[in-house]
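A.B. asks: Each chain, written out:
2 protein chains.
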Amino acid sequence: MSFLQAEIHQQPQVLMALLDRETENARHIAAELRAQGVRYVILAARGTSDNAARYGQYLFGAYNRLPVGLATPSLFSVYKEPPRLEEGLIIGISQSGRSPDIVAVLEEGRRQGAPTLAITNDPDSPLAAQADYVIPLHAGEERAVAATKTYTAQLTALALLSCALGDDPDRPSTNSEYRLAALQRVPLAVERILDGEEHIAGAVERYRYMETCVVLGRGYNYATAFEIALKLKELNYLIAEAYSSADFMHGPIAVVGSGFPALVIAPDGKMFDTMRHFTLEIKSRGAELLIISDRQDLLAEAVTPLPLPEGVPEWLSPIVAVVPGQLFALHLTLTKGNDPDRPQGLQKVTLTR
Amino acid sequence: MSFLQAEIHQQPQVLMALLDRETENARHIAAELRAQGVRYVILAARGTSDNAARYGQYLFGAYNRLPVGLATPSLFSVYKEPPRLEEGLIIGISQSGRSPDIVAVLEEGRRQGAPTLAITNDPDSPLAAQADYVIPLHAGEERAVAATKTYTAQLTALALLSCALGDDPDRPSTNSEYRLAALQRVPLAVERILDGEEHIAGAVERYRYMETCVVLGRGYNYATAFEIALKLKELNYLIAEAYSSADFMHGPIAVVGSGFPALVIAPDGKMFDTMRHFTLEIKSRGAELLIISDRQDLLAEAVTPLPLPEGVPEWLSPIVAVVPGQLFALHLTLTKGNDPDRPQGLQKVTLTR
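Sequence order for the protein chains is A and B. When the first sequence is numbered by the working numbering, its final residue is 432 and no position is left out of the sequence of numbers. When the second sequence is numbered by the working numbering, its final residue is 432 and no position is left out of the sequence of numbers.
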């Protein structure tokens, strides 16, 4: 078994360990941040971690009512003209904790007196050293170049923090304990997807000679679209482009013709009707649909349905919805006879400035 | 002549008219915003306008030291769980001013008491109606589906506002009048690129059967990479994906093999050395390079050099650097025998919720 496949299968255990070991820490961090009166959040990340940041943007916006911006690291590292950050919470997300441009954002945040948080798999990394607070991922060493378990762990760490920061008295649905209970059930939902691996391994054959595709999601699963597209690119050297379905309508939909493959992520929730309408629109233009969803009515529209277990609330769905995409990318690689652990031209740690 | 070609050629006049008619208005808006003590900026936009927003993120961050976030419109329109915005400046950018999800962001900003600004070609639009301040683009009707003159006008409007907000006494380079003078010279630089149209019309032949490519920029020209990729998609039904060169290194670079076409935007400035290093890296991996730059040493590395006039400062380079990309996309369409004014499957105004 490849490292990649093993690490995909470690995810339920990794997520459970993270929840067990970091819930108290997240509460402690949240209490300190509340005392400091954070007004907005800046997230700094690259690659897979940047996709986790996209999830954070929706999560902290919707549940914690915090405006969230994704950092422009080059303003810190190359231009050396950083914005004022005093009133923000600066979060750096990085598996290795070593990319200099991400470290530079936290360094500047700290210099300006803003609270800084590192979410990383290496609590001894330069990123952690620049942070007032650290949430370690406890994912164990990730040996495959393509990140899987550290991605779902990053999402889980963000969800933990959002729960701990939570409790808007005007909205009972934001109650921390209620949300934490739902989060505790996520590792089991991931387990159930892994049980369906054989179905996915059989489905990839059809896509052996696919050269391009688009991956589409919106809202919470905008992040999932980007992360699945990245796995397809890293592991299969495909041109796989991710879009918000709304942005896709504003121009790029022009590429969709007969047989054009489109992987749609559309779990049940507030975004579902919008995504269903969009999916039927691209189907009418001839798209070949691959659909990740827990809604049978939508899965029935797909050439290749990739079902999710029911019962995961939408705000947590990105942690489970990425898993069929990870498995799809893995098995497509195996079908092509490529090495899933050492994709051509990539290294595990990328140091950008 | 197509509308598209005519509108590309109208750009110098459009930008001059905008500078002539809106400089005082921008100063007035900036004075009011300074009095209100804005702490951060949220930009809401889709499609081409969202690429203008990406430029704004660097501009307001570097010169006005404001943290900038790109809005997540679905939190407003679909989830109806908007973040707190009281201390932000909310800017909506839209050619038509009619996309409901973008209007919803300004509506919520106004409801919460945040100052709102619309940058639009239609001062009678629903977006303008929700705004405390409007900067009209004065671009005249844009009849081609693919936006060109309204994009460079949006960039120019953002640059005007940044100049007017400016004046950090610690950094003389941020002096408003000095920056405004440089901005006044941009329309002429655009004119000079249009003079080189014939060279570009001759260069597109080689790419008649290109099916995929990547477009790469970073910092200020991150926006340019996205906008040129969007023109190639809208007009040529290509799979053209845009990346920050730093994000590209974190995974997607795996797709680059022998002959893979990469369009790089790398004008002179603080980002140049980083981009040159990156460009030589992908060249060593076999990429076929198309390069937009004012640096002869880098242009010499390209199969297809697309030169820029010298003397435009980096912070204004996106307004000129997109123009060779517009011309390239136009002439590639003509070479293919497609209609540049009516790309298949697109409408001029896209109403997303």
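Keep in mind the hints are simulated off the structure, nothing from the lab. Do not take every clue at face value.
You can't tell identical chains apart in this list, so a pair holds if it fits in one copy or across any two.
[Unchecked claim] Capping the alpha-carbon separation at 27 angstroms, the derived lysine-lysine pairs in DSSO-like fashion look like this:
id : residue 1 : residue 2
1  : Lys415    : Lys159
2  : Lys349    : Lys415
3  : Lys362    : Lys427
4  : Lys349    : Lys159
It should be emphasised that the depicted structure is a prediction, and the values quoted were computed from it without experimental measurement.
A.B. asks: Of the numbered hints stated earlier in the document, which are not met by this structure?
C.D. replies: 1 and 2
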